[in-house]
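**Q** So the chains spell out like this:
Protein chains: 2
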Amino acid sequence: MSFAKLDDHCRGLSALDHALSILGTDEAVNMAPGGGESRAEAMATLSGMYHRQATDPKVRDWLEAAKAEDLDPEQEIAIGELERSYVNMTCLPSDFVERKMRTSMKSEQLWRKARPKGDWTSFQPALEEVVTMMREEAAMRAEVLGLAPYDALMEQFDPGNRTASINPVFAELKAFLVDFVPEALAVQEENLSRRPLKPLSGDYPVERQKALGLAMMQAVGFDMNHGSLSVSDHPFCGGVPSDVRMTTRYRTDEFLPALMGILHETGHGLYEQNLPKDWAHWPSGKARGMSIHESQSLFVEKQIGRNPTFWRFALPLVDDHLKEAWTMEDLLPHVHQVKRGKIRVDADEVTYPLHVILRYELEQELLSGAIETKDLPEAWDAKMQESLGISTLDDPQNGPMQDVHWPSGAFGYFPSYTLGALMAAQQWATILKTNPDVDAQIGSGDFDQVNAWRRDNIWSKASTASTPDILRNATGEALNPAWFIAHLKARYGK
Amino acid sequence: MSFAKLDDHCRGLSALDHALSILGTDEAVNMAPGGGESRAEAMATLSGMYHRQATDPKVRDWLEAAKAEDLDPEQEIAIGELERSYVNMTCLPSDFVERKMRTSMKSEQLWRKARPKGDWTSFQPALEEVVTMMREEAAMRAEVLGLAPYDALMEQFDPGNRTASINPVFAELKAFLVDFVPEALAVQEENLSRRPLKPLSGDYPVERQKALGLAMMQAVGFDMNHGSLSVSDHPFCGGVPSDVRMTTRYRTDEFLPALMGILHETGHGLYEQNLPKDWAHWPSGKARGMSIHESQSLFVEKQIGRNPTFWRFALPLVDDHLKEAWTMEDLLPHVHQVKRGKIRVDADEVTYPLHVILRYELEQELLSGAIETKDLPEAWDAKMQESLGISTLDDPQNGPMQDVHWPSGAFGYFPSYTLGALMAAQQWATILKTNPDVDAQIGSGDFDQVNAWRRDNIWSKASTASTPDILRNATGEALNPAWFIAHLKARYGK
Chain A
1 MSFAKLDDHC RGLSALDHAL SILGTDEAVN MAPGGGESRA EAMATLSGMY
51 HRQATDPKVR DWLEAAKAED LDPEQEIAIG ELERSYVNMT CLPSDFVERK
101 MRTSMKSEQL WRKARPKGDW TSFQPALEEV VTMMREEAAM RAEVLGLAPY
151 DALMEQFDPG NRTASINPVF AELKAFLVDF VPEALAVQEE NLSRRPLKPL
201 SGDYPVERQK ALGLAMMQAV GFDMNHGSLS VSDHPFCGGV PSDVRMTTRY
251 RTDEFLPALM GILHETGHGL YEQNLPKDWA HWPSGKARGM SIHESQSLFV
301 EKQIGRNPTF WRFALPLVDD HLKEAWTMED LLPHVHQVKR GKIRVDADEV
351 TYPLHVILRY ELEQELLSGA IETKDLPEAW DAKMQESLGI STLDDPQNGP
401 MQDVHWPSGA FGYFPSYTLG ALMAAQQWAT ILKTNPDVDA QIGSGDFDQV
451 NAWRRDNIWS KASTASTPDI LRNATGEALN PAWFIAHLKA RYGK
Chain B
1 MSFAKLDDHC RGLSALDHAL SILGTDEAVN MAPGGGESRA EAMATLSGMY
51 HRQATDPKVR DWLEAAKAED LDPEQEIAIG ELERSYVNMT CLPSDFVERK
101 MRTSMKSEQL WRKARPKGDW TSFQPALEEV VTMMREEAAM RAEVLGLAPY
151 DALMEQFDPG NRTASINPVF AELKAFLVDF VPEALAVQEE NLSRRPLKPL
201 SGDYPVERQK ALGLAMMQAV GFDMNHGSLS VSDHPFCGGV PSDVRMTTRY
251 RTDEFLPALM GILHETGHGL YEQNLPKDWA HWPSGKARGM SIHESQSLFV
301 EKQIGRNPTF WRFALPLVDD HLKEAWTMED LLPHVHQVKR GKIRVDADEV
351 TYPLHVILRY ELEQELLSGA IETKDLPEAW DAKMQESLGI STLDDPQNGP
401 MQDVHWPSGA FGYFPSYTLG ALMAAQQWAT ILKTNPDVDA QIGSGDFDQV
451 NAWRRDNIWS KASTASTPDI LRNATGEALN PAWFIAHLKA RYGK
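Top to bottom, those sequences are chains A and B. As numbered in the working numbering, the first sequence has no gaps in its residue numbers, which increase by one up to the final residue, 494. As numbered in the working numbering, the second sequence has no gaps in its residue numbers, which increase by one up to the final residue, 494.
Certain hints may be false.
As the list makes no split between identical chains, a pair holds if one copy fits it or if it spans any two.
Stated by the list, open to error - Here are the simulated SDA-like pairs of lysine to any residue, each with C-alpha atoms no more than 25 Å apart in a straight line: (1) Lys5 with Leu275; (2) Lys286 with Gly36; (3) Lys113 with Glu183; (4) Lys286 with Ala32; (5) Lys210 with Val231; (6) Lys210 with Ser230; (7) Lys286 with Gly48; (8) Lys174 with Gln385; (9) Lys5 with Asp95; (10) Lys5 with Gln53; (11) Lys174 with Arg472; (12) Lys5 with Glu41; (13) Lys494 with Gly443.
Don't read these hints as lab results, they were simulated from the structure. Predicted model, so just to flag it, every value in this text is computed and none were measured.
Pulled out of the complex, with its shape left as it was, chain A reads as follows (with noise of 0.2 Å):
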């Protein structure tokens, strides 16, 4: 039976994924200095491995022939999700594989040497090598899915999202945040001048972060029986959903950034924690996409973590683990605190999504051709200064240099990360229509009802549809950006 075989052949994939996952997460927090070389020849093959099975041909015979078989609905859609996988995985041809992993991977690598120099000069010819071969990709990818070149890029991060709507959300987003981010600022000054910042520094042993951080993951529904907190460089959400490993890193004058991106990662983690185990080594049953799984973890840092109520419940713990009674009044400007700045992933929830908007015009006109590489510079600065007033032009290494994103080929991927704060925002308002009283909840700690609802409606949804039509079945409407708006009105405005 050909679904059988499709059965076992998702099982092989899943087993690579594992490997890949844990040897990821392994080389990030365990791995002896001199382990690089061989680690990275092994994950090569391995990708290698996992690609040529992955894109089979005989995949494309057994899905054939599976669809002719009696499937039950979950089968269906299995297969459906398959197809799309394979579709978008077989799209382009092998030697354009290749060279596009050896563009990317030249291109990455100078931008590492270039860019704590801000050296423009040299990178820009490596950039539009990226650039040449992005517009070939994409073009391919368009005609096989008979899609617009930049949709069909996006496809392989949100499947269903398309500029078409994406363009009007956020183009109202945009003319908002121009500006709220005054008002916001202004609100935040008048604040101020009532009751000046208190530093949040002292001296904050890493070993009661730590215990601190734990305490916050399980409390807001983490399971320790699957997952583990670490330390790396660069926080992330890796591991497998059997086996979640979050890592955060330290610093022992300030306790707010760990502590943030640790309920930044525990809602990542949840997601992968929840999703349904019995289609666990299927596309369809694994996480839907970039937006959906920032959705989740911003819902956690930003609907529950910024939440002022959160903090009657997370305050007290703050204080126990800390050793330090701070005061409601003390903290939340730290937590809320509005900033214009060059970088993206500096940014507070309302400056954010400017970022984001910035990068989705620039990487379109770039695609379509509109723009060339040798125009990012000025064209980056004009955005800059229309949307946040900053100027990048003397500074390329925190203006177009700043992201790995372009370098490394990747392409479509930005917006999800504004999706996400927009979903977020979406579901939460859905909840509280529902759960009027999920902000009483929050504030005593309980976080069982609006996990109960992410998991019926998210989180075991998995990719058993497309990211619109999750967010449209769990919220009841497509895409709206008056949720995120109103809750920046709420949290930030006059």
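For chain A, the structure is supplied; the task is to place chain B on it using the hints.
**A** Using the frame of chain A, we list chain B on its own:
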């Protein structure tokens, strides 16, 4: 070119091997408690993938074609070793391999339940099935390899080891030990009557013991750039040559067991770290086998670590880290304690070989049909009485039920332990001939020359010759029990 195809083939297998090693280490050290089921499934699937790739019929064609190509001597050796490993892996029909996996898994699971209760009656039928299966396996391997059945089993663990050369060696050793154990015990008793044993107990925090262990590992040559030390329930040395993962376990009321365990695993680690890099992904570039591996761990534990001279260097390090001033006279009786006991893994270097020879004799009798599984409790007891004067008749848990080897279908493995001890003594004797100052070097913490000899004669040879040939090339003679016997006499005799 077929050689190039085989090179790719080996690279693929090595990547899977890398993944399986790190996944295994990760499971013991870092895995979340609930991660076991999906880890087991992933590892089983990857092992299956490994086996399918390793036994691919194309490999035989490539091997034949490669032999006709113009190869340099290293390539010829590589091809020869690959063929050896290919033949060993393909000599069993795949339905038998599956049956073996099921049978031994069932019996091992039953063993884990029955052993703590010493429930021989319910365990016996499962072990009987394994024995029947191992007789079949030995016969099939013997047929393909043109070897005697038991030799064909040993061939998997130590290529070239044959009962014809081991039998007289073990007979001589056994005859010696049966008389020597009482002598060593009498010497010990006399010494202790003059100076009673001072307990090594105290309060030794894990962090200090770890720092001491790390200092000791590095002193004897372990490269921390290519390895690390963590904690696991059962100490082992895993990982890959570029990143050797050693583990130990600590008790805070004594330090010697962890320290000696670390020295033992360091011996395994040094071998792995110093294998030749160029052939790392070919069988000829990997560690030779179980007995040479054990000779390296025992060399560091016994020839170095239990050498009284070593403690001139080590004792100040212990005192530094643990803040207790031990004297040589109080410490050495612990390092050299001899004790008759039922349990192999708890045995000292004097009594240990008797445990191994007992198993070596019994497993041959089981395979040949000279005894049956049901006869084991009596046969075991008789041999324990004969060699150590201990009865296990009423205590099967600590008699024939004590080891995991037989229930899991590992027959022909036991002799490696004692062969390793003999080889380690023989290597030490060879070093002493050309480097008579070796004791003085070790006493001053200088391991360069002793390691240089091992690098040149053992580590760098990897799997370029059979086990007996590596020993012969390194020491100038075949396996000779006289060196081990002389070692025991010097350390424990009158």
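**Q** For every hint, state whether the structure bears it out.
**A** Now for the hints, and whether the structure bears them out:
Taking the closest pair of Cα atoms, Lys5 and Leu275 come within 25 Å of each other only inside a single copy of the chain (23 Å); across copies the shortest separation is 41 Å, beyond that limit. In this assembly of identical chains, Lys286 and Gly36 lie within 25 Å of each other by CA distance solely across copies; the values are 19 Å between and 29 Å within a copy. Proximity of Lys113 to Glu183 under the C-alpha cut-off of 25 Å is found in neither arrangement, the shortest distances being 39 Å within a copy and 69 Å between copies. In this assembly of identical chains, Lys286 and Ala32 lie within 25 Å of each other by CA distance solely across copies; the values are 20 Å between and 31 Å within a copy.
In the homo-oligomer, the alpha carbons of Lys210 and Val231 lie at most 25 Å apart both inside one protomer (10 Å) and across protomers (20 Å), since each shortest distance falls under that limit. Taking the shortest alpha-carbon separations for Lys210 and Ser230, both the intra-copy value of 9 Å and the inter-copy value of 19 Å come in at or below 25 Å. Both within a single protomer and between protomers do Lys286 and Gly48 lie at most 25 Å apart by alpha-carbon distance, with minima of 21 Å and 23 Å respectively. For a Cα distance limit of 25 Å, the shortest separation of Lys174 from Gln385 inside one copy, 13 Å, qualifies, whereas the shortest one across copies, 87 Å, does not.
In the homo-oligomer, the alpha carbons of Lys5 and Asp95 lie at most 25 Å apart only across protomers (19 Å), although the nearest pairing inside one protomer, at 28 Å, exceeds that limit. Taking CA atoms no more than 25 Å apart as the test, Lys5 paired with Gln53 passes in both settings, with 13 Å inside one copy and 18 Å between copies. In this assembly of identical chains, the alpha carbons of Lys174 and Arg472 lie at most 25 Å apart only when taken from the same copy (23 Å versus 78 Å across copies). In this assembly of identical chains, Lys5 and Glu41 lie within 25 Å of each other by CA distance solely across copies; the values are 17 Å between and 30 Å within a copy.
For the homomeric pair Lys494 and Gly443, the shortest alpha-carbon distance inside one copy (24 Å) is at most 25 Å, but the shortest distance between copies (77 Å) is not.
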